[in-house]
Amino acid sequence: MWVKHMKKLEIKDLFVSVEDKQILKGIDLEVNEGEIHALMGPNGNGKSTLLAAIMGDPSYHVDHGSILYDGQDILSLPVNERSKAGIFLGMQYPQEISGVTNSDFLRAAINVRREKPISLFEFIKTMEKTINDLQMSEDLAHRFVNEGFSGGEKKRNEIVQLEMLKPSLAMLDEIDSGLDVDAIKLVADAIRKIQEETNMAIVIVSHYERFLELVKPTFTHVLVNGKIVMSGNADLYDRIDKEGYDWIYKELNIEKETEETPGFTRVSLGNCAVAETMKGQK
Amino acid sequence: MMRINDDTVIELTGVYRNLTIDADHDIDIRIDTKADTELFLRIERARRINSDADIQHNCSILFWNDAKEKIETVENYRISSSADLNVAYGECNGADTVRKTEILLDHEHSSALLSTASLIGTEKKYDIVLTNNKPRTDAQIRNYAVVLNGGKLMIDAVGKIVKGARKSESHQVSRALSFEEGQSATILPELLIDENDVQASHAMSIGKVEEKDLFYMMSRGLSLKECTKLISLGYLLPITDTISDPTLKETLQNELERKISELCMM
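The listed protein sequences correspond, in order, to chains A and B. First residue of the first sequence? That's 1 in the numbering used here, and the numbers climb one at a time after it. First residue of the second sequence? That's 283 in the numbering used here, and the numbers climb one at a time after it.
Don't take each hint at face value.
[Unchecked claim] Derived lysine-lysine pairs resembling BS3-like cross-links, with alpha carbons at most 25 Å apart: (1) A:K84 <-> A:K12; (2) B:K382 <-> A:K166; (3) A:K166 <-> B:K494; (4) B:K382 <-> A:K21; (5) A:K227 <-> A:K7; (6) A:K84 <-> B:K350; (7) B:K490 <-> B:K434; (8) B:K434 <-> A:K84; (9) A:K227 <-> A:K250; (10) A:K185 <-> A:K12; (11) A:K7 <-> A:K166; (12) B:K434 <-> B:K445; (13) B:K507 <-> A:K116; (14) B:K350 <-> B:K507; (15) A:K227 <-> A:K25; (16) A:K154 <-> B:K350; (17) A:K166 <-> A:K125; (18) A:K185 <-> A:K216; (19) A:K166 <-> A:K227; (20) B:K494 <-> B:K350; (21) A:K185 <-> A:K227.
Rather than coming from a laboratory, the hints here were simulated on the basis of the structure.
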């Protein structure tokens, strides 16, 4: 009997540090094709670090553990090969690339995935449709990548790239921040549509219950002090939205990590762990 | 297209000119302007080019260096009417270049823009002097370079405003971009001002492409070489704005893309 091959992300006992500061302290996670996982947790506990480490951000050092995708050890692959293997990271702070237009960038990104380059006609047709779907400005294709974009435009541009590149695993790091109410729905609908079409797996970091309601994760994980301390279904993010994280600390008897090293400041709302770490080392 | 292989006088009569220099010895060129004109000069071969120009009409000149061996050029321009000179250099070939360019703004209300776009995998040395010799003259220098592995860039750019050249302007911007450690770029911007009532400025940057930019691009599947190619193209393509003829502009854009692909994907 023919069995459809299912791609799987497998993370085992992952320890990741930045600038000698241990951020992740033993992550285990499995994500199968078609599943949507929400990654939650108070700010500064390592959610963004996990996604960046999977993508291969050189600022992060994997100290221990393994990450397999589709059975392949991706820690041995350069960033571009991870992307070509089907992994996509929608970034919290997308970079501005001056002088490089969105169309040149995306066309090059599509062509590295194909044996025969995409025809200009097909590319323009696809790009116009995607821009239209995301209600972006018509001149997006000719503008430099993210340069002069508002926060919301940058996030929608990440979804334009997602739709054009059609990855098999999309990691979305606070892709909803900076979006207004209408745009949140637009982006969530686009993500759902792409997911239904491609059956891609999604790992999503978000603080907004409304966004998660729209994307409808099948699993929820709570990351505290660099570890996944609790996993569950959609009820879990619903409860976190209503009650916050204090009950998790109490229930699991976890100490909140505060000042650990002289010179490091306590992580505050709106700042990721790495930004705070870097600030502390200045 | 006409080929030049010996000493020549180039007359710019209002008709667009497309010339190729192909000489196995030193040559002298004289440029005379009779009307507003665009000139495209491709250098395929030459040991040393000495060029003199008396600019009396608005004039755009693009030098495209396609030489496979080292060349040296010495160019002198004198703008002797209220004309505008726009001279640009495309240096994306794989051979050394030593270039000395002097532009004398020798008439009230004359102006000059000198721009270079260089993709450097060899040794390129530019000595540039723009002199505001009369009042109300405007001198601009723009150098953009991408330094590749093994490349060495040296630019000495001087903006000079002489005594009496009131209300003149001299501005220069020089930027060099690299992708890896160990690439060498030296830029010396100089302003020599001998008059009070003038405006002058210089801006200079030499730097490596941000690691976060490369990570972002690579996270979409592009290799380091492909990132280098795209960023270099974006950095250097504005040189083609010097030319308004649409056919030549497109040819140049394609050529620049081909050269960048050749050098970046090696």
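Compare the structure with the hints numbered earlier in the document and write down the numbers of the violated ones, lowest to highest. 2, 4, 6, 8, 10, 12, 16, 19, 20 and 21
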